[in-house]
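Asks: Each chain is listed here by its residues.
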Amino acid sequence: NAGVTQTPKFRVLKTGQSMTLLCAQDMNHEYMYWYRQDPGMGLRLIHYSVGEGTTAKGEVPDGYNVSRLKKQNFLLGLESAAPSQTSVYFCASSYGLTGVAYEQYFGPGTRLTVT
Amino acid sequence: AQSVTQLGSHVSVSEGALVLLRCNYSSSVPPYLFWYVQYPNQGLQLLLKYTSAATLVKGINGFEAEFKKSETSFHLTKPSAHMSDAAEYFCAVRGGGSNYKLTFGKGTLLTVNP
Chain Z
238 NAGVTQTPKF RVLKTGQSMT LLCAQDMNHE YMYWYRQDPG MGLRLIHYSV
288 GEGTTAKGEV PDGYNVSRLK KQNFLLGLES AAPSQTSVYF CASSYGLTGV
338 AYEQYFGPGT RLTVT
Chain G
11 AQSVTQLGSH VSVSEGALVL LRCNYSSSVP PYLFWYVQYP NQGLQLLLKY
61 TSAATLVKGI NGFEAEFKKS ETSFHLTKPS AHMSDAAEYF CAVRGGGSNY
111 KLTFGKGTLL TVNP
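If you read the protein sequences in the order shown, they are chains Z and G. In this text, residue positions in the first sequence follow our numbering: the first is 238, and each later residue adds one. In this text, residue positions in the second sequence follow our numbering: the first is 11, and each later residue adds one.
A portion of the hints provided could be inaccurate.
Derived lysine to any residue pairs resembling SDA-like cross-links, with alpha carbons at most 25 Å apart [said to hold, decoys possible]:
hint: 1; chain 1: Z; residue 1: K294; chain 2: Z; residue 2: D275
hint: 2; chain 1: G; residue 1: K111; chain 2: Z; residue 2: G240
hint: 3; chain 1: G; residue 1: K111; chain 2: Z; residue 2: P298
A few chain Z positions that, by computed beta-carbon distances, are all more than 12 Å from chain G [said to hold, decoys possible]:
hint: 4; residue: V241
hint: 5; residue: Q243
hint: 6; residue: R281
hint: 7; residue: S331
Since the hints were derived computationally from the structure, they do not count as laboratory data. Quick reminder that beta carbons are idealized off the backbone N, C-alpha and C, glycines included.
Please build the complete structure, drawing on both the sequences and the hints.
Replies: See the structure below:
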């Protein structure tokens with residue numbers, strides 16, 4: 238099993254450009270998440286999904302959109318990139334049974350720089 | 011709402027010394043608690059988790075953590091540090107019931123000196 242994979246690993250964008258980050262998991266997890274990691278800030282949740290066709294806002298959703306058309310994939314889009322979106326982006330997934338302490342499995346990250 | 015405070019953004023120990031990384035949480039419901047480790051340029055990997063079964067939890071690589079409800083703490087320890095333990099460590103809390111989202115602390119960078 239590959240676990241959680243992310244594409245691309247690195248990307249440099251100019252301000253105003255758009256891009257899509259792809260996350261894929263092969264563990265049949267119901268829940269998927271997108272985080273951003275900035276120095277001294279820990280991980281902050283951008284958007285998440287509790288199943289195919291559903292998405293919801295997290296802690297810092299502004300400037301991002303997501304889609305979950307297939308259970309195994311979760312896409313994060315930046316429509317008009319800004320320097321403040323320079324960050325490392327992590328995707329994660331987990332099982333979704335209520336009340337069970339399933340951990341989240343993380344991908345290797347995408348390092349995005351917006352100039 | 012849940013929150014996590016990790017005391018000390020940077021901890022430095024000598025090889026062979028005790029490792030103690032502190033985590034205090036706030037949760038309005040009985041919590042599930044997690045410790046993750048992040049090696050340079052990698053994603054997060056689960057070290058251990060508390061799910062209310064036992065207050066002392068053993069994880070991978072010789073780490074363990076003790077849940078203390080009265081102190082709202084979940085500190086991570088390892089008796090003897092190795093050079094390979096150098097990494098950033100994150101404590102996270104998840105509320106019980108249907109609240110499946112994790113709230114992370116800001117992380118503690120562990121440096122191990124030879």
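Asks: Are the hints correct? Go through all of them and say.
Replies: Hint by hint, here is what the structure shows:
no., hint, in the structure
1, K294/Z <-> D275/Z, "19 Å, holds"
2, K111/G <-> G240/Z, "20 Å, holds"
3, K111/G <-> P298/Z, "15 Å, holds"
4, V241, "8 Å, violated"
5, Q243, "8 Å, violated"
6, R281, "8 Å, violated"
7, S331, "7 Å, violated"
Checked against the numbered hints above, the structure breaks hints 4, 5, 6 and 7 and satisfies the rest.
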